[in-house]
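Could you slot chain P onto chain E? The hints should help.
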Amino acid sequence: MSTPVLDLRGVAFAYPDGHQALFGVDLHVHPGERVALLGPNGAGKTTLVLHLNGILTAGAGSVTISGLPVTKDNLLEIRRRVGIVFQDPDDQLFMPTVREDVAFGPANLGLAREAIDERVESALRSVGMLDFADRPPHHLSFGQRRRVAVATVLAMEPEILVLDEPSSNLDPASRRELAEIITALGVTVLMVTHDLPYALQLCERSVVLSDGVIAADGATADLLTDAELLARHRLELPYGFDPSVLVRSER
Amino acid sequence: MGAGHGHYLHYHGHSPVHRLPAHTKLVALLVFVGAVVATPRTAVWAFAGYAALLLLAMARSGVPAAYLAKRMVVEVPFLVFALLMPFVATGPRVEVGPLRLSEAGLWGAWALLAKGTLGVGASVLLGSSTEPRDLVRALDRLRLPQPLVQIASFMVRYLEVVLGELDRMRVARASRGFTARSVRHWPVLAATIGALFIRSYERGERVHLAMLSRGYAGRLPFAAELTATRVQWVRALALPLIAAAGCVAAWMMAS
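Heads up: the protein sequence lines correspond to chains E and P, in order.
Just so you know, the first sequence maps onto residues 1 to 251 in our numbering.
Just so you know, the second sequence maps onto residues 1001 to 1255 in our numbering.
Okay, chain P solo, but in the shape it has when bound:
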C-alpha cells in the first residue's frame, strides 16, 4: 500500500539540541523533570522559571512550535482531570466569579497542570530532537538492564510495522462496509485487536527463531557506544541544573 512512512515524533534537524549525544539529553530530561516534580507547588515563580528554560531549549531546537504543540495533546486527559479537581475536592471554598471552588482542589489542579505540562513538554522536545534508535542506544549507554533495552529496541523496530498492519486491517474492514459508530461495534474492534495481538505474537516468535538461527545469545550489538565530551555534558545539563538550583531555592524559601 502506498501509505507514507516515517517517524511519528522525531523532527529532522541539525540544531545544537539535535546534535547533543542522546544519553546526555536523557539525563538532562531526568534532572529537569525531577526538579520540576520536587518543587513545592506554592513556589509559582519557580515554575515560571522552568517554563522559561524549557521554552529557551525549544527555541534552540528549531522544532516548530506548532509541531511540538500538536504532540503535547497526549496530555489532554490529565488536563481534564485537573480541571475537575477544584469542583470535586473538599475543604475550604473560595469564590471565583459565580463559582465556589475548593481551595485545596485549585492548588492540586495547578500542581498537576504545571508539573504535567512541563514534563510532557520536555519529553516531547527530547522525542522531537532525538532519533528513536539513538534513544535506545542512550538507554544501553546508561546501563539500563539488557532485557529492557531490547524490548525498547524491538518496539522502535516494529511499532510502524504493527501500526501499518492495523491500518491495512482498518481499510479492509471499511471496504466491507464497516464504520465504528457506537458501542455495538466494539466487538469488531476487539476482534481486530485480538487478531493483531496473535499476529504480533507469532511474528515475535518468527523473529526470535530468525535471530537464534543467526547466533543470537542475549545481547544486541549496537553500532557504537555513544560518547560525549565534557563540553557536551555541560551544554546538555546547563538548563536542568539551573532548574535544580531553582528547586532547592524554592524549598529553602518555603521552610
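Looking at chain E on its own, in the form it has when it is part of the complex:
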C-alpha cells in the first residue's frame, strides 16, 4: 500500500483549560481519496483539523503528512502540504484584492514573482474566479468568497485539501458549483461536515468522529443507511432524504 497522505495515530488533545477534545484518534487517508469526516457539533472535528497542520499540537500520538511528521521544524512544509479551507471565508480573505490574497500563500513559500502569478492564475481558473482577480473580497457574494478561499489554498499546491464545512451558508446553486469544482480538482480531500447528503455526493468513504474518537469508518453509502449508527452519534439526514434510494439507483 502507498504511503498515506494523512496518518494519525492515537492523537489525543486537551485544551489548556483542561477540556479534553480528542481521546486517541486513528485515521489514514491515501492519495486520491475523498473522505468525509462526519460528526455532530462539538465532536472535536475542528480541533482535529487544527492538528493536521500543527496549529495545535497533540498531547499524545502522532500526525504524519506523506511521511513527514508534524513538528515545529517542518511546519512550513507541512502547511504547504495541508491546505485548510476554513468555514468562514472572511477569516481567510483579508488582502485588498482577490489576486493578492491568493498570492499570499505562495509568497510565504518564497516563490519567485512569475511562479506566484502562474499559480494565482491557475488556482483562480480552477475555481472559476479568474475574472474577479482584481476585485476586493468583500464585494463578492458568499459563494464566490468560499471559492476564492479554496483557490487561496490550491495556490499552495497542497497534497491534501481539508475543507471545514464547505457547504455551510451556500445556496443550492453555489453548493452544486462547489461540488463540481471539488470533483474536478482530483486532489485528495478531507471534508469536515455534518451535511450528510453532501458527503454522500462527494466522498466514497466517511469516518464518524464522536466524543473525540473515530466511531465508524466505511463506505459513505453504508454508514448513511445505518439508521441506528446515525442516531447514536447525533447525525441526522435532512427531512425526506433517503440515501438507500440514491444508492440503489446508482448500482
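Check the hints yourself; a few may be wrong.
Said to hold, decoys possible - Distance ranges between label pairs, derived from CB positions:
(1) D134(E) with K1070(P): 31 to 37 Å
(2) G59(E) with H1014(P): 32 to 38 Å
(3) R135(E) with L1144(P): 42 to 48 Å
These are calculated hints, taken from the structure and not from any lab test.
Note that the structure is predicted; figures quoted are calculated from it, not measured.
Even glycine gets a Cβ: it sits at the ideal position worked out from N, Cα and C.
The following block gives chain P in isolation, referenced to the frame of chain E:
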C-alpha cells in the same frame, strides 16, 4: 472553533470587595487615584501608606496576587520610561554606585513609578473584582453622558467577538505558512488590521440596523439601576478617604 472564552480581567469571587456595588467602587478608585496623584512626590511615607492600603484591599478581595501581578504588566512601558529619566534628565548630578545620575530625574522617575504603580494596581483590582457589565452600569448610574456609556457597553459586548475574529484570522494566516518575523511582514499585519476594521465597521452598521428595527431610540435599557446603602458607601470609601487624608497631611507638612 474550540477556543475558550471568558473574561480577560474579571476574577470570579464573592469577597467583600466583589460584593460592593460597582459605582461605589468606581468612586472609590477615583478618590484614591486623585489622592495619590495630588500627593507631593517628596512625601515618601505617604506613598508607603497608600501601598499598604492598596495591599489591604487586594488581600480582602481574595484575588490571587499572581493574577493581579500578571495584569499589572501593562505598566511596563511606563516603567522603562521611568528608568530612563535619571539618565537623560539635566540638572545637578548625584553619585549612585558607578553612575552619575540626575537628581531631578531620580525624583521624576520615583514619582512616575510610585504614582503609576498605585494607580494601575487600584485599577486592576477594580477590574478583577467587578464584572465588565457592572462597570458599564456604574458609569450609567454615575450619570456619564449616554453616548459614552453606550460606547463602553458595546465595547464590552463586542471586544471578545472582535478578538475571536482576529484570532481566527491569525490561524488562517499561519495555515498558509505565515509567521511575522520582521518588518517586512508588517504590510500583512496592516492588511489584517484593515480588514478587521472594515468588518467591525460593517458589523456595527448591521447591529445598528437590527437595533433600529427593534425600536432603538437612543437609550439602552439596563436591567436595574444600581443602588448602594450608606454602609456600602462607607465601606467602599473608607480606604480612599484615609488616602485623601494622607494627601492633605503631606501638603500641610510640605508647606
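Here is what the structure says about each hint:
The hint said 31 to 37 Å for the Cβ distance between D134(E) and K1070(P), and at roughly 47 Å that hint is violated. Look at G59(E) against H1014(P): about 34 Å separates their beta carbons, and that is inside 32 to 38 Å. Take R135(E) and L1144(P): their Cβ atoms lie about 43 Å apart, and the range 42 to 48 Å holds.
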